[in-house]
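The residues making up each chain are set out below.
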Amino acid sequence: MRTFWAPIGRLGVYIVVGGVAAIMILPFYWMVITSFMPAPDILSFPPKWFPTHVTFEHFVVAFAKAPWLSYYWNSLVVAVGSVSCSLLFGLFAGYAFAVYRFPLQNLFFLLILGTLMVPVQVTSVALYIQLSKIGWVDTFLGILAPNFASAFGVFMLRQGIKQIPVDVIEAARIDGAGEMRIVLTIIAPLIKTTVATVAMILFLGSWNDFLWPVIIINSAGLRTLPVGIALFKDPYGNINYGPLMAATLISTAPMLIAYVVSQKYMIRGIAMTGLKG
Amino acid sequence: MRRASWFAVVLTVLFLTPAVVLAGAAKTITLWYPAGDITAGAAHFADKNLFSEFEKKYNIKVEAVALDYDTMQQKIFAAAAGKNVADVLFVDSSWLPGFLKEEMLEPVADAKAKAWLSAVSPEIVELSDYGKGRMWGYPQYGIDVYGLTWNKTQFKDAGLDPEKPPKTWDEFREYAKKLTKTEGGNITRVGYAIRHVGHPHGVVHKHFWAIYGTGGALIDDPNRLRGGKALIDTPHTKAALKLILDMLDVDKSTSLNFPDPRAAFLKGIASMQISETVSIKARQPKEAPDLKWGMALPPVEKAGDKPVTLLGAWLYSVPKQAKNKAQAWQLIEWLNSQEKDFELCKQYDASPRYKANWEKEPFKSDPYDQGLKQMYPYGKKLPINLGLNGIMDAMGGAIQKVWHHEATIDAALAEAQRQADKAIADAAK
Amino acid sequence: MQPGREGEQSPRPASYPRRTISRLHSRHIFHAYLFIAPVVLLFGLFRVLPSVQTLLFSFYKVELLKDRLTFIGLDNFISLFSDEIFQKATVNTLTYVITIVPISAFLGLVLAVLFNAQFALKEFFKAVYFSPMVTSTVAAAMVWWWMYNPQFGIFNVLLRLVGLPGQPWLMSSHMALPSIIIFSVWKNLGYNMIIYLAGLQAIPQQFYEAATIDGAGPVMRFRHVTIPLLAPTTTFILIYDTILALQVFDQVFVLTGGGPANSTNVVVLDLYRQAFERYNFGYAAAEAMVLFLFILAVTILQYYYSRRYEVAY
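Residue numbers (the numbering used here), protein chains in the order written: chain A, 1 to 277; chain U, 1 to 429; chain D, 1 to 313.
Some hints could be false.
As the list claims (entries may be wrong) - What follows is a list of derived Cβ distance ranges for each label pair:
#, chain 1, residue 1, chain 2, residue 2, range
1, D, L69, U, K229, 40 to 50 Å
2, A, T55, D, F294, 21 to 31 Å
3, U, P285, A, F56, 17 to 27 Å
4, U, T168, D, I78, 27 to 37 Å
5, A, L107, D, P102, 42 to 52 Å
6, U, D305, D, L69, 32 to 42 Å
7, A, L110, D, P102, 20 to 30 Å
8, A, A22, U, K323, 34 to 44 Å
9, A, F56, U, A111, 47 to 57 Å
10, D, T95, U, K181, 47 to 57 Å
11, D, L69, U, K346, 21 to 31 Å
12, A, A253, U, G159, 38 to 48 Å
13, U, G185, A, A22, 47 to 57 Å
14, D, R68, U, A111, 51 to 61 Å
As the list claims (entries may be wrong) - Simulated coverage check for chain A against chain D, where a stretch passes if three residues somewhere in it have a Cβ under 8 Å from a Cβ of chain D:
#, stretch
15, 65-75
16, 96-107
No wet-lab data here; the hints were simulated from the structure. Note that CB positions come from ideal geometry on N, CA and C, so glycine has one too.
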């Protein structure tokens, strides 16, 4: 696989990859540049590629307008809570679906998959009514309620575990390990890449989740990042792009950095175990 | 395991939060309003001391929470269904039909309504009275009026009198033609910018002036809640659509490529546009500090026709499911008293509501406010029918189809008429 | 390490039993239920219950705030089938799905293969291709709305720079849906890429080595080792992407609001407007029900079709 591209021509590949990368990054470029442009520049015609002068006024406005630390903290609590639960529960459930045969297995699996098939826009009302009866509205538990597990997580982890040869599991059983031990100490390390991938996607999903948090959160002190950023919009489409882009940048930049860091960790992890996936 | 300690942290935080929330419980009432600097006259909510006087006087704490406008209706609905809604809602009056269909709001007490209606100026009465003195909320100061705004400098350059806006459709077309600039076959400045994309309701709102200008309307009885007939497939509506279509195709004085009329106007690439004047007033100082602009009533079909324009407002309302209704009404009455009206309008540079306040400075001499006062008598609020949203969806779709050259005027309006009647019937069931 | 459960390496007819070693596993029924219990209970309570309630609403006239449910049987569905706007929304949604799922999957595979190799600046480029996923759909859509603006937007500026005419993008009923599709492809590129990457990296080197020893070149190795062994990943991606694509909402809500002239109206958007602007909650639930049944059918079809090609090793 390593020398796969040799016949095609490395230079050609670089040009294509680089060109497409430039297109991919264009919206980010615009987002960044707009946060530093004075307001008349943003709406100028013909549009400007570079600001006439760099200004930090939008960041000042954005920082003053919103309690960013509170938003970060809330988003972090929700994301960590949701991802750790989803991984843990998903690992065990994925193992069960991959390895065992038990009655109603397919039905349960379909049930879990089925939760993905009804749009959250409508179920949100029924769930909200349910949660208000137990007093979970406007609480962390309320935000987490539909996110304690993830159908995506179960599905992906099941796929990953199915690829582990049965012999490994059998060997562990013969050695006397209990099922729980097997899952946690043998299976999990073997599917590290899958787990990391699932963790990343779930974390991103939780970090950017907007619809459910906006419905369930009432207090300003509980707001997560996407809910906070939405408040930079004006009704009727009178969008003030400068502060909005600054706010989006403030919320996105850490995620990008976290992604880069996590990538390095994943590579190191794989190299260390010597085992792929 | 490290995971276990993470769990412990998370669980502790989770369990502490409700405790913290419960611990601070004195009598607190909540108010929900849409976030934003420019629109909605909600600027005063950003003032943390806005309610301090009220809080001291009545020993009630007020928590004003900003919400995202786009998802606000959904949130209000879910909250009301879960009986967990705020005590005071600051809502767009165009949402009223939906709220009334679900019987979500509590009407203003008769005595208070009477007092209010007799103390405020006529345009506020128009926005408050929903038939026989019934009020569903108190309209906010600084109401929306849809007016024509024009670029005075560009008028002068084109040889037009900068103080005389077009009054009839013929003048309107003529002026727009003179003001349009082309370069190499492409229009670089339109005489008039149209709103034709985005939410269909917005498209209809910005086109109302043309329909009203012919003496037309969208529904036969604007004050009737259930039932009635849509008036979409009429010569009036046809004429209104044809006006813009002609400007697009024949005059070439407008274009589909300027989808954000307000931004285009502020940037000087549109000489005229028609929408809420408040938006221009709020945005112009920051976005176009050198712009000299005027505002007036939109043009009418023929000389001598009575101009009609659209009025919009935000309302302070109390939902039926609120937990602290008495205190909610206290807050609303306090916030909308004559003294507060004067104080806030002065502070936030908006036009007042009480007749008595109009007699005082600065409102008496302020040119913008007086300009608005000339326009108010010709304003009408949106019809109250429960099927209004469906009517507007249908009309918006028709407008888009016609101006995008995807259907003839007759076909589009016939289809919209059908859909609108269906919506009215469905909503009345 | 020996090849695994079924001891087969090539696609086999669907009539073969999937597992031949079941005796040992029947002991683990207790464990099975225990392990799936958290997920089933939590989902059951917070996802399945609300979903079922919502779907049941489709048989009623729902007036939630008056606490009133009036049973009207299939009336909502009958209205639905003669609703021309819903029909258009269905067509739009299907167009969207049929276009975006294969394209996204294909591009994801290409990128994963690319990034599985080693070359200079690989991590940097990988981060660039993944970066759209890091932003929220709503924020990214707002950026793209502005970029698609015929006057002020970057896309038309670039086009005019190379001498091409500016396009109406989101303003035209013909271009609006393709414009949204382009946005969605951009946004989700990284997602399929990293899932395929995980799948690729799970393939043991042994198979490539064996194939090389047998004399297979890179293209043959790709066709006969990689693709078949990626089949479970491909299945997963197709199923999952389809389920999500059929429920597309965020970008349409922000970019066009369903217009112009309903050309980008999709089922979930239509359902949303019926629920929260017209307050026809029962009707909206009926739309959700129709959507649900469709998604279910498509998923089951995809699932059974894929099992014919799934290979374990």
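Verification of the hints:
Look at D:L69 against U:K229: about 30 Å separates their beta carbons, and that is not inside 40 to 50 Å. As the Cβ distance of A:T55 to D:F294 is approximately 50 Å, the hint placing it in 21 to 31 Å is violated. Take U:P285 and A:F56: their Cβ atoms lie about 21 Å apart, and the range 17 to 27 Å holds. Distance hint for U:T168 and D:I78: a CB-CB separation of about 49 Å, inconsistent with the stated range 27 to 37 Å.
In this structure, A:L107 and D:P102 break the distance hint of 42 to 52 Å, their C-beta atoms being roughly 30 Å apart. Checking the proposed 32 to 42 Å range against U:D305 and D:L69 shows it is violated: the Cβ atoms sit about 49 Å from each other. A hinted range of 20 to 30 Å for the beta carbons of A:L110 and D:P102 is consistent with their spacing of about 24 Å. Remark: the range hint 34 to 44 Å for A:A22 to U:K323 is contradicted by a beta-carbon distance near 55 Å.
Checked against the hint of 47 to 57 Å, the C-beta distance between A:F56 and U:A111 comes to roughly 54 Å, which is consistent with it. For the hinted restraint 47 to 57 Å between D:T95 and U:K181, the CB-CB distance of approximately 39 Å leaves it violated. Separation of D:L69 from U:K346 is about 50 Å and departs from the stated range, judged on CB atoms against 21 to 31 Å. Between A:A253 and U:G159 the C-beta distance comes to about 52 Å, which lies outside the given range of 38 to 48 Å.
Restraint check, U:G185 to A:A22: a C-beta distance of roughly 31 Å breaks the suggested window 47 to 57 Å. The beta-carbon spacing between D:R68 and U:A111, approximately 31 Å, falls outside the hinted interval of 51 to 61 Å. Given as covered by chain D, the stretch 65-75 of chain A fails the check, having 0 residues with a CB less than 8 Å from a CB of that chain where 3 are the minimum. Check on the stretch 96-107 of chain A: 8 of its residues sit with their Cβ under 8 Å from a Cβ of chain D, so the three-residue criterion for coverage holds.
Figure legend: structure checked against the earlier numbered hints; hints not met, in rising order: 1, 2, 4, 5, 6, 8, 10, 11, 12, 13, 14, 15.
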